[in-house]
Amino acid sequence: MLKYVIRRTLQMIPLLFAISVVIFSIIQAAPGGPEGTLLDRGMFVDPAAIDAYRARLGVDQPVYIQYFKWVGAMLTGDMGISFQTQRPVLMMILERMPDTLRLMGLSFIVAAIIAIPLGVFSAVKQYSTFDFLATGASFIAIAMPVFWFGLMMQYFFSVKLQWLPVAGTMTVGVGGFMDKLKHILMPATVLSLHSIAGWSRYMRSSMLGVLNQDYIRTAHSKGLEKRTVISVHAVKNASIPVVSVMTLDIARLFSGAVITETIFGWPGIGRMFIQAMHARDYPLLMGIMMMGSTMVVVFNLIADVIYGWLDPRISYE
Amino acid sequence: MSETVSSNQAQSLAAEGIAVQLRSNKKIMWEKFLQHKLAVVASIFLLLLATLCFLAPVIAPYEFDAIDLYNIRSAPSMKHLLGTDALGRDLLTRLLFGGRISITIGLTAALLGSFVGTVIGSSAGYFGGRIDNLLMRFTDLAYSIPTLPLIIVISSYSNTQAFGIVVIIGLFSWMQTARVVRGAILSVKENEYVTAARALGAKDRLIILRHVLPNISNSIIVGATLGVGNAIITESSLSFLGLGVSPPTPTWGNMLMDSQATMASQPWLTVFPGMAILLTVLCVNFIGDGLQDALDPTL
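If you read the protein sequences in the order shown, they are chains A and B.
Using the working numbering, you'd call the opening residue of the first sequence number -16 and step up by one each time.
Using the working numbering, you'd call the opening residue of the second sequence number 4 and step up by one each time.
Same shape as in the complex, but just chain B (with noise of 0.2 Å):
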């Protein structure tokens, strides 16, 4: 970053005549991010094959239910790309509908887990004392338990619809938000720009949201990338033990429920959808890594 320069010595090296173009910060963290190519290729992909499938009712070529009783688990030919399924429905349709419904809950149940991890590391952080103490304690609590028998028993008894599946994967996956942003708000805290809005009057719940937030929001962000990634990872391993959304909407891992029977005869049922969760959270991990390097400063 040898080219970049503060905003006061760009003043005083315009004062003496010598032309500077000043970057913005936000200018520096794009440059940087389009640096991580692996990053921008898995944008570009995660795109695309986001636009697929919301277009899905569009562009694919079958109904999500629709079934061909000529052609039952027919293996990928012409007139269907990828094969079809026991009941005879396009597997390359169920996937782009699927993929709307697994990408939704996965970006859904991140944004919520990282809601609930921010404001109760962020309370913990700012408030201190027994407050802290309290929260801190909870986040323990929360961590002591395996996550995933907690989320399988749970579904085991819920709604299984995909609004349900978002709330249990989302409730449970705070915790390490929780942690990060109350070591971020702790150092952030004894900042002098904190000690000034204080002095100035501002109420805690603007000093949170105006001035601590924001300067922490690389990691928020960051977790939330790789949220996304497990929770898709989640719902389709509860789908694969039949507690995900339930049949006849698609999910990615839903599609895989009874594939373990048929895989020997029918193997495309099991490698496409797998494949497609695979290559999603892989392309939402590169974003991730890439995001890590450009939003933190000190690289």
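Extracted from the complex, chain A is given alone in its bound form (with noise of 0.2 Å):
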């Protein structure tokens, strides 16, 4: 295990390598450089100092050095200076961590506890009404923009019935614990909304590939009551796939939360990665796509491992 554990992180290195390649000739390929977002208002700016603004942000060297420079000081981890704020973009990126972790966090526990048993007893009671419903609900919510829902909840919440605040995280001068929930709600929901029809529809079909099992059926001759055998005998084993799905969607929230963040005004690392596109602070946007793209192979890895974990007939060799 612990042997499976060292291969597959360092298999992540050159992986790694590969995505900042990737990730910086495609920032690399954006015509026009920082000094655009000052062409762009139609100002007149003094060549000699446009020349002198790309000097002192590196951008005047070959593209090589300055790809070279930028995974040198990543390895040191300095993830370079923000364009727009000449801070560095690690401590921008620290910043606004802690509201976009709270915002995934909560999104994900809603996700499990509502996805979990509706999969479950969707699968227990296959064709039943409730079956039905759960089924149609997921494939609405599977077809819906996420961005449509958002605006959907704030118009009938905020503005109609008036229960919840359009935006924001808290509100100023309150910031108490039930204030700070009723603006979390919103935003959590339409996050949570992708996950929670994809876990039930997986939880559902994983379910109902155990009840067909061998030991479920010796589980019911041995007289167990039903509720001891869904609970015990199936659910543990249907959620091993589950598990590891859910741990994958982990990093996948991020790319969530750049829509959720934006619609609901959450000051977290989404809504700076728009910002920074649309002000062409290209080393923000690298650092903040460096970060999701690290999130995604390091979950990778850590659903296999609980894959393993969980199912011992899963062998690393």
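These are calculated hints, taken from the structure and not from any lab test.
Think of the CB as a built atom: it goes at the ideal place given N, C-alpha and C, for glycine as much as any other residue.
Be aware that a few hints might be false.
What the hints assert, rightly or not - Restraint-style ranges between C-beta atoms, simulated for each label pair:
| hint | chain 1 | residue 1 | chain 2 | residue 2 | range |
| --- | --- | --- | --- | --- | --- |
| 1 | A | Gln69 | B | Arg140 | 33 to 41 Å |
| 2 | A | Lys143 | B | Ile47 | 33 to 41 Å |
| 3 | B | Val122 | A | Gln69 | 40 to 48 Å |
| 4 | B | Leu114 | A | Glu78 | 41 to 49 Å |
| 5 | B | Arg140 | A | Gly55 | 22 to 30 Å |
| 6 | B | Arg213 | A | Tyr50 | 40 to 48 Å |
| 7 | A | Tyr290 | B | Gln38 | 32 to 40 Å |
| 8 | A | Glu78 | B | Leu209 | 56 to 64 Å |
| 9 | B | Gln38 | A | Glu208 | 34 to 42 Å |
| 10 | B | Ile47 | A | Trp146 | 34 to 42 Å |
To be verified - Covered stretches of chain A (chain B as the covering partner; in silico rule of three or more C-beta atoms under 8 Å from a C-beta of chain B):
| hint | segment |
| --- | --- |
| 11 | 4 to 11 |
| 12 | 112 to 125 |
| 13 | 137 to 149 |
| 14 | 244 to 256 |
| 15 | 270 to 283 |
Take the two lone chains, each set in its own frame, and fit them into one complex as the hints suggest.
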């Protein structure tokens, strides 16, 4: 097991290097340097001043040197300096991290609490009205653009009913626990929507597979109560593949956070990403994308390890 | 499928003078698809919607950029069935015109994604060895970078016409297909008929196109169907961020672009384009579900 984790971790290194090349190239392909935001506004800027500005940001050097400088610095934990704020990218990301983690964490928990029982009941009562409704709801949820669901929530709960605040993390000057909870409720629901739909479908099919197994029949024939058979024997085994899918989805939640945070004015990394895009703040964009990709790679490994740990039939050799 | 018999059985039964009706595979698939009621309803609805959208220049009540200065931001009424937007343009008209672009983007981006995925997946699976290793590491690489942020960055500096959006979405949605196709090819290529074709001197290209791909087309078709829905949603997300097809050309996505600001006073501007996306993607996914059941011979 330890050998496997070490081998996989070593394999991550070339992959992360390849990712850094792709991300760097895609950002390099953007026309117009960081001075573009000034020129876009139609300001007249002295060409000498532009040259000095470019030299100060280090974008006057050949591309490959810029790349090696960027990667070299990243190895020491330095992700570069933001064009926009002149502050270290790493620091900006770390500042926004708590809010994003809070949102992602709550979405994850909400999704798990709803999706797993939903999938279990759907499978146990296959083809019942409940199963039919749950399946229909998850089809609708998957077909819905996340941002539109967010807009509809805002319309009903903030504009019409006025129960929940439209955006932000807390009311200025209040900021109690209940106030924060009210603010996070809608964004967390929106972010968890696709996870709930996906995981419950997954849990349902996994559960259906397990319910047909011989050991479930054995458990029934031993005279165990139906509840015990389902909760102890079936759910445990059926959740093994689901747990690994859920782990993979933690990294994917980040993509959803970009849209969700933008709609709800949530001051996390996702919204900072969109702001960086508009401001052509390349070091910040590269830093956030590198962070997102690293998350995907790391959670991939964690998912595989958890899978093998939960299911002793899987061998790592 | 108790009433279906193989052609060999049919011949022997016919020899005994028993009348047998032989059904082709296509017919069986078609009948299975018709049993999936939701998929049938979804197909009919989608066909109807697409026809209406593509006939928009003929049947739409107004021009897509016609401005009615007396009815700016008017609520749904007899004159403007779904209301008008901030410039006094008829929402129903724009929905129909927008549907043409959104549906076309969805279809073509999914086609492009499936094509790239099929080429990469089949090359990897068929040739194996180093090519397989290289292509699959490349697929892992593409999988590891969060797709939506990547697409957002590229569209932020690219030419945002419908064609550009199709290329961007298509080029970043092939990974799933590549993996599925590779897996399917690995199992198909062990069959005797592939060995036989090779023994007869068939070239690799011919073997892949003639003998291998038709046998795994089911998974490609189902994947492509689901890809249509994903592409429509991605286009709308990009447009919502102001990175999709540029106005005045309407798409369902860019009609939603500025709707957040006016949602409190003109909710219909947000509700209807979103409903159009939701219904279309829902139908496409139901069809995909039906096709999956119909095309899978093991069910």
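Hint-by-hint comparison with the structure:
1. Evaluation of the 33 to 41 Å hint for A:Gln69 and B:Arg140 yields a pass: the beta carbon distance comes to about 38 Å.
2. The hinted range of 33 to 41 Å is satisfied by A:Lys143 and B:Ile47, whose Cβ atoms lie roughly 34 Å apart.
3. Range check, B:Val122 to A:Gln69: Cβ separation about 45 Å, and the 40 to 48 Å hint holds.
4. Checking the proposed 41 to 49 Å range against B:Leu114 and A:Glu78 shows it holds: the Cβ atoms sit about 43 Å from each other.
5. B:Arg140 and A:Gly55 have their C-beta atoms about 24 Å apart, which keeps the hinted 22 to 30 Å range intact.
6. For B:Arg213 and A:Tyr50, the hinted distance range of 40 to 48 Å is satisfied, since their beta carbons lie about 45 Å from each other.
7. With their beta carbons about 36 Å apart, A:Tyr290 and B:Gln38 fall inside the hinted range of 32 to 40 Å.
8. Restraint check, A:Glu78 to B:Leu209: a C-beta distance of roughly 59 Å satisfies the suggested window 56 to 64 Å.
9. Range check, B:Gln38 to A:Glu208: about 37 Å between beta-carbon atoms, so the 34 to 42 Å window is met.
10. For the pair B:Ile47 and A:Trp146, the beta carbons lie near 39 Å from each other, so the given range of 34 to 42 Å is met.
11. For the segment 4 to 11 of chain A, the assignment as covered by chain B holds, since 4 residues bring a beta-carbon within under 8 Å of that chain's beta-carbons and 3 suffice.
12. With 3 residues bearing a CB less than 8 Å from a CB of chain B, the segment 112 to 125 of chain A meets the requirement of three and the coverage assertion stands.
13. With 3 residues bearing a CB less than 8 Å from a CB of chain B, the segment 137 to 149 of chain A meets the requirement of three and the coverage assertion stands.
14. Coverage of the segment 244 to 256 of chain A by chain B holds in this model, with 3 residues showing a Cβ closer than 8 Å to a Cβ of that chain against a need of three.
15. Under a criterion of three residues with beta carbons nearer than 8 Å to beta carbons of chain B, the stated coverage of the segment 270 to 283 of chain A is upheld, 7 such residues being counted.
The structure fails none of the hints (numbered hints given earlier).
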